[in-house]
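Top line first, the protein sequences correspond to chains A and B. Counted the way numbering that gives the first Met the number 0 counts, the first sequence spans residues 0 to 300. Counted the way numbering that gives the first Met the number 0 counts, the second sequence spans residues 0 to 282.
No lab work stands behind these hints: they were computed from the structure. Hints may contain errors.
The calculated DSS-like cross-link candidates involving lysine-lysine, where the alpha carbons are at most 25 angstroms apart (straight line), are [unchecked claim]:
(1) LYS95(B) <-> LYS15(A)
(2) LYS90(A) <-> LYS133(A)
(3) LYS277(B) <-> LYS15(A)
(4) LYS133(A) <-> LYS277(B)
(5) LYS95(B) <-> LYS277(B)
Since the model is a prediction, treat every value here as computed from it, not as a measurement.
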Amino acid sequence: MDDVLAVRDLRMRYGKTDVLDGVSFAARHGEVLALLGPNGAGKTTTIEILEGFRMRSAGEVSVLATDPAHGGEAWRARTGVVLQSWRDHGKWQVRELLAHLGRYYAPYSTASITRPWDPDDLLETVGLTAHARKRVRHLSGGQRRRLDVAIGIVGRPELLFLDEPTAGFDPEARRDFHDVVHRLTDLEQTTILLTTHDLDEAERLADRILVLAGGTIIADGSADELARTMSGQSEVRWSRDGQRFVHAADDATAFVRELFRQYGESIEDLEVRRATLEDTYMALVRQAEHGARPKLTVVAA
Amino acid sequence: MTPELVAARAGLSRGWIEFRQTLTTPGDLASIVFMTGGFLVAMIWTRHTTLPGTHFSLGTTMLASVLGLNIATYGIIRTGDLIVIEREDGTLLRAKAVPNGMLGYLIGKVVNISAQIVFAVAITLLIGAFLFAGLAIGSPGRWLTLVWVLVLGLLATLPLGAMLGSLFTSTRSAGGPMLLLLAGLAAISGIFYPITHLPVFLQWIGQVFPLYWLGLGMRSALLPHSLAAVEIGHSWRHLATFGVLAAWSVAGLVLAPVVLRRMARRESGSAVAARHEKVMRGV
Chain A
0 MDDVLAVRDL
10 RMRYGKTDVL
20 DGVSFAARHG
30 EVLALLGPNG
40 AGKTTTIEIL
50 EGFRMRSAGE
60 VSVLATDPAH
70 GGEAWRARTG
80 VVLQSWRDHG
90 KWQVRELLAH
100 LGRYYAPYST
110 ASITRPWDPD
120 DLLETVGLTA
130 HARKRVRHLS
140 GGQRRRLDVA
150 IGIVGRPELL
160 FLDEPTAGFD
170 PEARRDFHDV
180 VHRLTDLEQT
190 TILLTTHDLD
200 EAERLADRIL
210 VLAGGTIIAD
220 GSADELARTM
230 SGQSEVRWSR
240 DGQRFVHAAD
250 DATAFVRELF
260 RQYGESIEDL
270 EVRRATLEDT
280 YMALVRQAEH
290 GARPKLTVVA
300 A
Chain B
0 MTPELVAARA
10 GLSRGWIEFR
20 QTLTTPGDLA
30 SIVFMTGGFL
40 VAMIWTRHTT
50 LPGTHFSLGT
60 TMLASVLGLN
70 IATYGIIRTG
80 DLIVIEREDG
90 TLLRAKAVPN
100 GMLGYLIGKV
110 VNISAQIVFA
120 VAITLLIGAF
130 LFAGLAIGSP
140 GRWLTLVWVL
150 VLGLLATLPL
160 GAMLGSLFTS
170 TRSAGGPMLL
180 LLAGLAAISG
190 IFYPITHLPV
200 FLQWIGQVFP
210 LYWLGLGMRS
220 ALLPHSLAAV
230 EIGHSWRHLA
240 TFGVLAAWSV
250 AGLVLAPVVL
260 RRMARRESGS
270 AVAARHEKVM
280 RGV
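Just chain A, with the same shape it has in the complex (with noise of 0.2 angstroms):
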């Protein structure tokens, strides 16, 4: 199996709701995943079950070929974890803490991987190299948020759970850090799954984008090819005998002659408009999060 991240039909059930309600997908070796969807989508609760720190209602995970459920300490050596916030190890020294968590890695050096991360080399990866003697709890917002990027890969992880890491960012410290993440995976080829309710964050990030909206996936692929199968259309809306409809036409005109052809008098509120990326993804999202689909329908092109 060649996969990093294998999930199929993934549910998680909290009392009646179904939080998660079949979630399926996969990332190849040093792919960076963006799961990306509104708040309360999900995305948290998909990351945790991944991590091993959550246990899933039913569905198949496979994270480096080992079931998250039943990770022993081994599995999580090869895995790195950064959460939306922590507050942790305030009164550490900045140098001293990374390489002090550095040091339960050791053990677990391969012939490929030599682990952890020499403190100061990551200090300066991550841009810390002036702070290396602070007080963590003396960090910026900004900083603060790149030691945790500094230990979630102290140990050279395989695998990057990124849960969304910007969330409360100035737009200089997304851009830090969007470096900061490039940087990783030109240099170590890490496989990372980030979740981001920001479409821009993912298409730059991302190799690939999931969209996880209403407790599934309803969209997987790459910006480029999100953007050319969404948004390279017309977005034509229309409504016939109070159902309303939305279709992504490549000749939206073309498409408007057939429609009077068939329908005539009973087309009404028709409107045609070119989509951009951002569009698909609201309009698909708002579907997902309404359940709208009696009144909204999408048609494959």
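Once you've looked at the hints, dock chain B against the given chain A.
Okay, now just chain B, sitting in the frame of chain A:
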């Protein structure tokens, strides 16, 4: 070296680093100084009061008992507090995300708390030795008693603190009840006044818990032999002290891993975030 051994050694240095941080963080140091100072003031206050039925200073007796109380306070309250705080701020989850990190975390906690206890006991004893007359220190046998009571006290109280810390979900809900519990226990454990002056049923309750035996053990190490006369059974009861503390130790060491594992299993990023949000909302 096996990964577990590597983690255990990392845990030892972790504990030492944390202890150093305690001594260099003004707030943490202040809490140790205030507590030690507070007890010393109470002892000085009662320096000229005599232990009922003797001509011996109540303050000096209290000094010995307070060393026992120190062990229980740090071992139970401080350990519990730290675990609650570090669950809330994500330290525990971090330990979970690192291979064998929980092992290192726990060893670090034991080392840190033990060092704090030794530190508090040492300064109380040092200052007390200057301020109070009548301490019977000097012979190797007495130091030996002090050490075994101390070590057994750590074993009996630390797992207890760790378990209590796992039961409470937020710093707000934990501090009060734990402190009240200990204050109540101190009142019936003969720390500030001889237990023999309490109603018999309270004496029995007091003797169930480790605090009474920690105080008794410390008194036996530091006070003249003649003072055994005011204790229950007119004896220092070393065998019983060893037995009760050992029983608490065994029970704690068997149960604590189970309770801690259960607690750790529930830790996740969203659990930490939810707790944080609750604190921020002031619930």
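Status of each hint after checking the structure:
1. LYS95(B) <-> LYS15(A): Distance ~29 angstroms between LYS95(B) and LYS15(A) Cα, so the pair is violated.
2. LYS90(A) <-> LYS133(A): holds (9 angstroms)
3. LYS277(B) <-> LYS15(A): holds (24 angstroms)
4. LYS133(A) <-> LYS277(B): Roughly 29 angstroms between the alpha carbons, so the hint for LYS133(A) and LYS277(B) is violated.
5. LYS95(B) <-> LYS277(B): This hinted pair holds, its Cα atoms lying about 22 angstroms apart.
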